[in-house]
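A.B. asks: Residue-level listing of the chains:
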Amino acid sequence: MIMSAPAILENLESTFKGNEVQKKALDMLNEVGLPQRKSEAYKFTPVTSLLEKNIDFEAKDESTFDSSLLYKEEGSHLVFINGELAKEHSSISDSLKLEVAEISEGKHDPFSLLNAAYAKEELRIESGYEEPVFIYHFNSNGFTNPRIKVNVKNGHTFRVVEKLISPLDAKTFTNSYIEFTVGKNAFGYHTKVQNYNDHTYSHETVFAHIDKDGQFYNNTFSFEGAMVRNNLTINLNAENCEGHMYGLFLLDKKSHVDNNTSVDHLKPNSFSNELYKGILDEKSTGVFNGKIYVRQDAQKTNAFQSNNNILLSEDATLHTKPQLEIWADDVKCSHGCTSGQLDEDAIFYLRTRGINEKNAKAMILNAFAAETMEHVKVSSVKEEIQGLIDQKLV
Amino acid sequence: MISIKNLHASIEDKEILKGINLEVKAGEVHAIMGPNGSGKSTLASVLAGREDYEVTEGSITYENEDLLELGPDERAQKGIFLAFQYPVEIPGVSTTNFLKTAINQVREARGEKALDAVHFLKLMKEKMKLVDMDQALLSRSLNEGFSGGEKKRNEIFQMAMLEPKLSILDETDSGLDIDALRIVADGVNKLKSDKTATIVVTHYQRLLDYIVPDFVHVLYNGQIVKSGDKSLALELEEKGYDWIKEEVAAV
Chain A
7 MIMSAPAILE
17 NLESTFKGNE
27 VQKKALDMLN
37 EVGLPQRKSE
47 AYKFTPVTSL
57 LEKNIDFEAK
67 DESTFDSSLL
77 YKEEGSHLVF
87 INGELAKEHS
97 SISDSLKLEV
107 AEISEGKHDP
117 FSLLNAAYAK
127 EELRIESGYE
137 EPVFIYHFNS
147 NGFTNPRIKV
157 NVKNGHTFRV
167 VEKLISPLDA
177 KTFTNSYIEF
187 TVGKNAFGYH
197 TKVQNYNDHT
207 YSHETVFAHI
217 DKDGQFYNNT
227 FSFEGAMVRN
237 NLTINLNAEN
247 CEGHMYGLFL
257 LDKKSHVDNN
267 TSVDHLKPNS
277 FSNELYKGIL
287 DEKSTGVFNG
297 KIYVRQDAQK
307 TNAFQSNNNI
317 LLSEDATLHT
327 KPQLEIWADD
337 VKCSHGCTSG
347 QLDEDAIFYL
357 RTRGINEKNA
367 KAMILNAFAA
377 ETMEHVKVSS
387 VKEEIQGLID
397 QKLV
Chain B
-5 MISIKNLHAS
5 IEDKEILKGI
15 NLEVKAGEVH
25 AIMGPNGSGK
35 STLASVLAGR
45 EDYEVTEGSI
55 TYENEDLLEL
65 GPDERAQKGI
75 FLAFQYPVEI
85 PGVSTTNFLK
95 TAINQVREAR
105 GEKALDAVHF
115 LKLMKEKMKL
125 VDMDQALLSR
135 SLNEGFSGGE
145 KKRNEIFQMA
155 MLEPKLSILD
165 ETDSGLDIDA
175 LRIVADGVNK
185 LKSDKTATIV
195 VTHYQRLLDY
205 IVPDFVHVLY
215 NGQIVKSGDK
225 SLALELEEKG
235 YDWIKEEVAA
245 V
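Residue numbers (this note's numbering), protein chains in the order written: chain A, 7 to 400; chain B, -5 to 245.
Chain A with its partners taken away, still in its complex shape (with noise of 0.2 Å):
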């Protein structure tokens, strides 16, 4: 059943059977309510009204495991079907603490709310010994709530990598959550590869607090989907630290994609870094839209931003829109947003060296593509980033 507007909290609520603080998160998301057709954080991603029109909320389908699926690389692989853990497909390594646990609070916004009311459990990871963690989610019932805290304790090293597969006759819609806690001079490195489909509907929110001397990276790689929107939220909460915040999307079809980055400098001595680039050609839409706040507090603060976008088609759609709020006085912040066409000259000129268009123009974009892939540092995740834009390129 495909449901109205007002309506989609409603008939949930009849789905209900959470704890004390899903039911507090309930009450506050019954308060707040979805976001509307006015909202401004959801100008170009009428969400709302995306998800009223094509998701049946209740549809349940079997799942769609499919082992081969799973980077062949030393560490741990957890895998989740439809918000649950399913130990029998993950391995899971002797390092890494692992806890299935009772929903606990999170963030305040509409769709963390959602995602706190209606998921089934959380998973709680804390850092091992360097090995990365691989967390695959199958989704396939219609509505999927997956709910992740992670905690990267004092010192570590920890890189996780997530992509979501879901299936191609079924439309889902994934409401994803995971949270980060970044210790004391520790790193935390978070890729995410979207490569869906036209059924896919998602709402990714990626959550990081940075404690003194820490840093997060987090590199969102978008190739196809109905509708996504990535809510990353970084807060630089202690004296040096840094946030850095990368992101591809290379879009075709009629693939959106929506990036929506805030990140906040509450202490001395912060840096952070965020370039994002869009290929959007057919009829696709792409959407930036990051925020740098610089407290009262956060002296001496160094922030920088890029968006850059080519645009290949004249049916595609691009929407780019920076924002800095700054409260202190000793900063140094820059923003810049460019799009344009691909250089012709640049084409021609590769061409009289005897390159055919084709490969010329998959030269400049994989060129200007490269950059996001810098922290990418798991070499079999940066192949199969590598292998889809050279897929779409070519």
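Careful, some of the hints might be misleading.
As the list claims (entries may be wrong) - Heads up, incomplete: computed chain A residues facing chain B, CB under 8 Å, no partners named:
| hint | residue |
| --- | --- |
| 1 | Gln347 |
| 2 | Asp351 |
| 3 | Ala352 |
| 4 | Phe354 |
| 5 | Ile361 |
| 6 | Glu363 |
| 7 | Phe374 |
| 8 | Ala376 |
| 9 | Glu377 |
Claimed, not checked - The calculated DSS-like cross-link candidates involving lysine-lysine, where the alpha carbons are at most 27 Å apart (straight line), are:
| hint | chain 1 | residue 1 | chain 2 | residue 2 |
| --- | --- | --- | --- | --- |
| 10 | A | Lys364 | A | Lys78 |
| 11 | B | Lys94 | A | Lys388 |
| 12 | A | Lys364 | B | Lys94 |
| 13 | A | Lys327 | A | Lys297 |
What the hints assert, rightly or not - Computed list of chain B residues with no C-beta within reach of chain A, every gap over 10 Å:
| hint | residue |
| --- | --- |
| 14 | Glu9 |
| 15 | Ala20 |
| 16 | Pro81 |
| 17 | Glu106 |
| 18 | Glu120 |
| 19 | Met122 |
| 20 | Leu185 |
| 21 | Gly222 |
| 22 | Glu241 |
Since the hints were made in silico from the structure, they are not lab data.
Heads up, the beta-carbon is just placed ideally off N, CA and C, and yes, glycines get one too.
Based on the hints, put chain B in the right spot on chain A.
C.D. replies: Okay, now just chain B, sitting in the frame of chain A:
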């Protein structure tokens, strides 16, 4: 090697070339001189296959083939090389990677096997010497942040790597000091053979002291109005272009 007959070309409905006739044989060096705006660079671009220019009349036959039917990449594969007046900067693409792709695509089109890394590097080392090319430049993004001289040297380096039959040098001398000019000219001379031909497009006679032409043509107002041997270039250097303009006006 190449035969240009009554070539007319325009850009955005403005006619630039108004009936060019030129015959270049293997082993020859032709210089095309002329005042600014006479159509020299347009001719070079049309030969290389720039699609912004529309050929409205005439023909270009290259090695018994209709050149106008071929795209820029096919022309390159068949041995035409244009050294750009303003080489394009391509961020993120290293010269090495770019050349490897280019060479192997050219080889593939010629039915030759791709060069492996070892042979490619060997070839590169050998050709780098020709133009005194700095290794460090080759791993940087193509032409990005290169000085004017480095860009021009890189053009001749690419030419050396691709071993073309017909090379067109479009104002390769502009912006080069005398030392850089000598290096570039030396490189071009070393690549010359009785099987290759060179068209040198230039505004100044200076380059022709180093790359000695067999023929000099003066392009004015979209046509070749005068042809001669290398002494014509010296005459132009001495007297400027005004006497040519007057001669044309008098006809």
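A.B. asks: Which hint numbers doesn't this structure obey?
C.D. replies: 1, 10 and 16
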